[in-house]
Structures are given as C-alpha cells and as structure tokens.
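Chains as they are written, first to last, in the working numbering: chain A, 1 to 100; chain B, 1 to 100; chain C, 1 to 137; chain D, 1 to 137; chain E, 1 to 119; chain F, 1 to 119.
Possibly wrong hints are sitting among the right ones.
Simulated restraints on C-beta separations [as the list claims (entries may be wrong)]:
(1) 38/D x 96/F: 11 to 21 angstroms
(2) 49/F x 117/D: 36 to 46 angstroms
(3) 22/B x 32/D: 28 to 38 angstroms
(4) 3/A x 32/F: 19 to 29 angstroms
(5) 38/D x 49/F: 32 to 42 angstroms
In silico DSS-like cross-links for lysine-lysine, where the CA-CA straight-line distance does not exceed 30 angstroms [unchecked claim]:
(6) 45/A x 79/B
(7) 132/D x 45/B
(8) 65/C x 132/C
(9) 52/F x 62/E
(10) 41/A x 65/C
(11) 115/C x 22/B
(12) 31/F x 77/A
(13) 79/A x 52/A
(14) 25/A x 77/A
(15) 31/F x 52/E
(16) 109/E x 55/E
(17) 49/E x 31/F
(18) 96/E x 49/F
(19) 96/E x 109/E
(20) 96/E x 49/E
Facing chain E, a subset of chain B residues (Cβ under 8 angstroms, in silico) [stated by the list, open to error]:
(21) 32
(22) 87
(23) 97
Hint data in this document are derived by calculation from the structure and do not stem from the laboratory.
From the three backbone atoms N, C-alpha and C, an ideal C-beta is built for every residue, glycine too.
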Amino acid sequence: MMKLAVFLSDWRRTEDSFERMKAEKMGVILVGNGVYHAVVKENGKDSPVLSKSGANFYVLSDDLTTRGFTAANVNSKVKIVSYGDIVDLIMNDYEKTAWL
Amino acid sequence: MMKLAVFLSDWRRTEDSFERMKAEKMGVILVGNGVYHAVVKENGKDSPVLSKSGANFYVLSDDLTTRGFTAANVNSKVKIVSYGDIVDLIMNDYEKTAWL
Amino acid sequence: MGAVNLLFVVQRPPYKSENARLALTHAIASQTAEIYMDDGDSVVPIIVFVGDGVLNMVKDQQAMKVYGVTSTESHIKSCLLIDLPVWVCKEDMTRLGLKEENVITDAEDMGAELKTKFVSFADIQKEMESVKHLLFF
Amino acid sequence: MGAVNLLFVVQRPPYKSENARLALTHAIASQTAEIYMDDGDSVVPIIVFVGDGVLNMVKDQQAMKVYGVTSTESHIKSCLLIDLPVWVCKEDMTRLGLKEENVITDAEDMGAELKTKFVSFADIQKEMESVKHLLFF
Amino acid sequence: MGELTFGVFSSLVGSMSLDFAFKLAEAGIAKGHKVNMWLSGNAVMMAKKGQKPFKDYSHNEKLMKELMSKGMEVTVCEACAEARGYHKEDVPEGMKRASMDWYLAKTVKTDKLLHIGGE
Amino acid sequence: MGELTFGVFSSLVGSMSLDFAFKLAEAGIAKGHKVNMWLSGNAVMMAKKGQKPFKDYSHNEKLMKELMSKGMEVTVCEACAEARGYHKEDVPEGMKRASMDWYLAKTVKTDKLLHIGGE
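The shape of chain A in the complex, shown without the other chains (with noise of 0.2 angstroms):
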C-alpha cells in the first residue's frame, strides 16, 4: 500500500481513475476547479468526490477566493490550506502524488 496525494483541478471530471485507486493513506488536493467540489452542492447533495472513504481533504484558499468563494462556503470535511501547505503535504505526508 502506499501513502498518495491526489490533485483535482477539475469539476466536470472525464477520468475515473479516482474513483479506482486505493491508498493505505490518501490526500485529496482541490486546486483550480476542483474546490468546487468542496463549496458546490449540485442539486443539494455533496460532491461525490467527497465521499472517497479514508481520504484526507484539502483545499487550496486562493484558489477558493479567486472564484469568489471563502472559508464559510467549505464543506466541513474539508481542511482549507496554503501553497506553503501543500509543499509540506508533498514533502512530509505523502509518499507519491497524482495529478488526475
């Protein structure tokens, strides 16, 4: 097994990939467009991107605040970070990254 941290950067995804891989410890990175799965409720019901059981979550704050979105718009499950976070995340946490 293998500890992963996995980038989104999209809302509307075309890979399942994700959806597939498995990680003793994974990380879910929501950059670009993907921290609307993080703020975005479509029809009332989370992003199913958040339902990935075991996984960590974090969001990227200024890419929240470029799209007009903030702290109070994110899902609980949600951690918001920093660039300076991530850089930890990759270095320290997360054995491998993919950027799906």
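Since the structure of chain A is provided, determine the placement of chains B, C, D, E and F on it from the hints.
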C-alpha cells in the same frame, strides 16, 4: 424554431447544452473525439448522444480512420461524411451552427 | 444588413480555461466593430451563462489579488457598464445552490445602470432561435 | 539510486489532447536519460492505458495519412520495439467493447519481440504501489 | 456561392481543432465559397512563423498559406498574440493582426459562422 | 530539506496550471527546498521571451526569473519548442532547452515529483 447543426468533438462531455437544446431540424456532426459516439458501445449500449430525438447524425470519415475505426464499426443511425459534405451541411442544410 | 444579433453562450466554469474571459472580451468588442462595417450595420450581442457556466457569476472573485489576472467578474461588470445584456440561467443557479445574493447582480460600483437578468432555459432557447449566429464557449 | 521505476498512466483518449503522445515520447526518452545520470542509475518506465485511455490502443490509426501527424499507434509500437512494457487494462477494454483483435498486440512488423500485456486494474494498482513516481496523463 | 467564417480558439498542437478548421476551410474553398478565419486565444499560436514541420506535431502553416493564396482571409487577435510574446515581425506573410472587433464585424455579412470556442 | 521536481504540460494562458506550478514552486523554495521544473507540451510557451504583461492574461515570466535567480532549474522541451516556432534566441535568460530525457533523469534523485500531465 430553427435548423441547427451541432458539432460534438468530445467523448466525455462536460456540458449539458446538447441535451437541453431543441431545434425543428437538428444535425449532429461527430468530429474529433466525438466520433467515438458513433462507434463505441460502452457496456454494450449505444452512446446516449444517439438518442437525441429527431436528430440526423453524421460522423467525419477522416476522424474515424485517424482513430483506427472504419465504416464497418459505425452505428446504423449515423451517416459517414467527408469534409466536403460538412461544408454542404453548413452552407445548405442548416441555418446556424453550435460547436459545443 | 442592419443590426445582427449574436448570442454568446458560456457553458463552462471560469479559470480552468480561457473560454469565459474570451466570450466576454469578444462580446465587448462589438462596441468598436463599426470601423469594419458599412453604415447602418451593427452587431448586437447578448451574453448568457448556462450549465456550469453560471459559476462565472459568483461575486467577489479575487483573481487579481491572488494571480494578478483580471477576474471574470470584472469583465462581466464591464458588460453591464456598456449596456450589454448579461443573462443567467435560473434553473442552473438553483441546481448548483447559488442564490442571487451570491452572484453579480449589477455593476453599480462602476456606475452601470443595466442589471443581470435571471432567465429560464426556455428564454435562452427562444433567444437561440432568434439570433443570426450562436457562439458557444 | 540504482534503477528507479516510473509508471506512466494514460487515462484519456488520443488526439483531442497531446497527452497520450507526450506520455509515450517521454517514456521512450528513458532510453537516453543516462547522459544526465550517475553511473549505475537508470529509469525503468512502464506505460499503462486505463479508462478511456485504452482507446489509444485501437489499431490501424490513419493519423499520418489524414493529418500528416504520427499516430499514437506508431509511438506505442516504438515502445514495444525498445522493450518498454505496454500494459492495457482488460476491464476497460471490455467496458468499451474492444477485443484483442481490435487493438495493438505487438509490433512484429517493426521487428519487436515484446508484446502488449493485458492486465487487470488490480495489477495496475500493485504497480502504482511499487514504483517511485506516478505520471498521469 | 456563400461566405463562411470560422472563429477558432484552440492551440496549434493538442486538440487538433485547428487542423479540423483548416481542412474544412480547404473543402469550403474547393467548393467555391469565400472563407474567413479568426484565430484567438491559444489559436494565435499560428501567428509565429518558422514552425518546424516535425511529423510528431500538427503543422498547419503550409496549408494556411496555400489557402490564403486562394483568397482566405486569416486574422489573429493582436492582444492575445502580444501576451504570448508574438510580435508584428513574427507574423507569417499574408496574415493580419487586429482587435476582436474584426471578428464581430465579419459576423454581419457572412452567411454562416462556425465558432469553435473551446480547446 | 528536500528536492521537488515539477513536470508541467499546460499552456501559458488558459488552465492556470502553470500559474499554480510557479506559485507552488515559490512556496517550496521559501521553505528551503531545491525545485526543478520541466516544461513540455504547450507549457513550452514559457520559452518565448518578450511576453507583454497585460492584466487580462497570465504572465509568469517575472516570477519564473525571480525563482531561477534563487536556484530553480527550468528546462523546456526542445522539440516541443521548435515545433511551435520558438528558437534558441527566443529563450528567456537562465532557462535551458533539452530533450525529454532531462526530465526522466531528474526523477531519479528528486525526492518528490509533481507531474501535471494535462491542460
């Protein structure tokens, strides 16, 4: 109502304008990776694109062969066309176009 | 030809592609197109946000502060300022949980009189039927 | 460091983006990377097609004839020729209705000995776990 | 015979939408239509001459020049080009640079418009 | 302190993935890490100097130069650049051009790799 030629160039689509738009006469022209809608049966089923009611379906021959498919693979609902045919469809058969 | 109507349709979110900004800047360019046209001709654009495109309308976008890039919000307000109609699909706002208080409803801070118009997809369909050309982004 | 394993994962179809071709050409570049490395170091890539990426494997691609551009097929065969493992996810082939007779199984016409390996996603998962770096396209 | 105007926003290498547009333009001209092309966004990558015709990459310069010699007007977005570091001296012969209003004006008289808005 | 290598394939203007990569590199360098960057595909658009810093468009040249002055290595894919008409004389100062094997070699010693493969 209108006579509309719709171009689809993606396999996994991220818009839903296609499902919502209506036209008195609609031509759906599959180009680029849109050609997969004419030849791939996911889980044995036709692409949902081909269920657009009342539409005429076309697929660009050059984009089929580029991707390794031939006339033999094409769904019977879909007519195979050339670049010249697409020019005629745009100039003679439809009033406006929508590249989705 | 007289006045030619164009419908600019933005159906994808901002920033992940250049689409939304290019739709807005091209629509705004209608203002100066007369230098290339015959007397009496004009282009009359409407810009409409549908599907995930309604995410462009979220207000307080900090793109300039964060990335040094003009926000989509700022371009939308420029449209209102020059009286270029900005329409947003109501059904899609509801689907994505956006309320009027979350989105750009006017550009009063810039002195614009025109306001965002909240419309149904049926209204947009009608407009698609009546214009000469469709420009999907 | 010795030999470092890399997994190139192609998860999208060809031609609509440069992804698949760049994955292949970068993987092939492992052959000449030694000029930048210390003695004894090497990179050992595997390239795997999953999800819609399996559409890259369809044979008889006429990209050169139609558009004057090297086909993805030709790059895949180049991989086999230099003994670079090419894996394809069996479950995704089944899902998209592709049979072995529809896809690139070898590059015998180029003199390659290595053949395409048809694997399950579970095998791919195992490989993801064992390599040093993942490169998703 | 009619007039067909393209607006293309896709990059030179990648989606092959530019390749599509040039081949469709070629077919249109062969049928006697007047064809105009507006290149904006990443499609301004056509506004840099001296592109090496490697067989691994889309290369539309040759076909574009051929079509321009047959009367196709090609104009690129000036601001989009400058933002990418393409200057006046980079422009292939026969191609024009203008503001976006050039494209808007073309929509008035053209019979049909094919606007390829995405990548 | 560790070593972090980026591979980026996204265009200068559009997805903002390049902007993301440069800002993450900046944060990495601020924390004392060694950072390398490989630019291929449409990301070779960084290999053209003289990009006008309009505020409507992503502009990473200034930040990239600043980070290079702090030790970041930036290398672009030579063939990808030539195919787009970017030649040796277009390269911003401090940036290198090489074949794809440069990137592959970097993956050996780097602690972590962030490969941004799409647009």
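Structure-based check of each hint:
Between residue 38/D and residue 96/F the beta carbons are some 19 angstroms apart, a value that agrees with the proposed interval 11 to 21 angstroms. In this structure the hint that residue 49/F and residue 117/D lie 36 to 46 angstroms apart at CB holds, the actual value being about 45 angstroms. Evaluation of the 28 to 38 angstroms hint for residue 22/B and residue 32/D yields a failure: the beta carbon distance comes to about 56 angstroms. At about 22 angstroms, the CB distance of residue 3/A to residue 32/F agrees with the hint of 19 to 29 angstroms.
As the Cβ distance of residue 38/D to residue 49/F is approximately 33 angstroms, the hint placing it in 32 to 42 angstroms holds. For the given pair, residue 45/A sits about 40 angstroms from residue 79/B by alpha-carbon distance, which is inconsistent with the 30 angstroms threshold. Among the hinted pairs, residue 132/D with residue 45/B is inconsistent with the structure: their alpha-carbon atoms are about 39 angstroms apart, more than 30 angstroms. Only pairs whose Cα atoms come within 30 angstroms are accepted, and residue 65/C paired with residue 132/C is rejected, the gap being roughly 39 angstroms.
Under the criterion of a C-alpha separation no larger than 30 angstroms, the hint pairing residue 52/F with residue 62/E is consistent with the structure, at around 28 angstroms. This hinted pair checks out: residue 41/A and residue 65/C have alpha carbons roughly 26 angstroms apart, not beyond 30 angstroms. As the CA atoms of residue 115/C and residue 22/B are separated by approximately 28 angstroms, the hinted pair is consistent with the 30 angstroms bound. Between residue 31/F and residue 77/A, the direct Cα distance comes to roughly 27 angstroms. Compliance with the 30 angstroms bound is thereby established for this hinted pair.
For the given pair, residue 79/A sits about 15 angstroms from residue 52/A by alpha-carbon distance, which is consistent with the 30 angstroms threshold. For the proposed pair residue 25/A and residue 77/A, the alpha carbon gap of about 16 angstroms is at most 30 angstroms, so the pair holds. A hinted pair counts as satisfied when its Cα atoms are at most 30 angstroms apart, and residue 31/F with residue 52/E does not qualify at roughly 41 angstroms. A distance of roughly 38 angstroms separates the Cα atoms of residue 109/E and residue 55/E; the hinted pair therefore is violated under the 30 angstroms criterion.
With a C-alpha separation of about 42 angstroms, the suggested pairing of residue 49/E with residue 31/F is violated against the 30 angstroms cut-off. Taken as a hint, the residue 96/E and residue 49/F pair is honoured in the structure, with Cα atoms around 22 angstroms apart against an allowance of 30 angstroms. With a C-alpha separation of about 19 angstroms, the suggested pair residue 96/E and residue 109/E falls inside the 30 angstroms cut-off, and the hint holds. The suggested pairing of residue 96/E with residue 49/E holds, with an alpha-carbon distance near 13 angstroms, which does not exceed 30 angstroms.
Of the supplied interface hints, the one on residue 32/B holds, with its beta-carbon coming within about 6 angstroms of a beta-carbon of chain E, less than 8 angstroms. Annotation: interface hint on residue 87/B holds; nearest CB of chain E at approximately 5 angstroms, less than 8 angstroms. Interface hint at residue 97/B: satisfied, since its Cβ lies 5 angstroms from the closest Cβ of chain E, which is below the 8 angstroms cut-off.
In summary, the structure is inconsistent with hints 3, 6, 7, 8, 15, 16 and 17 from the numbered list given earlier, while agreeing with the others.
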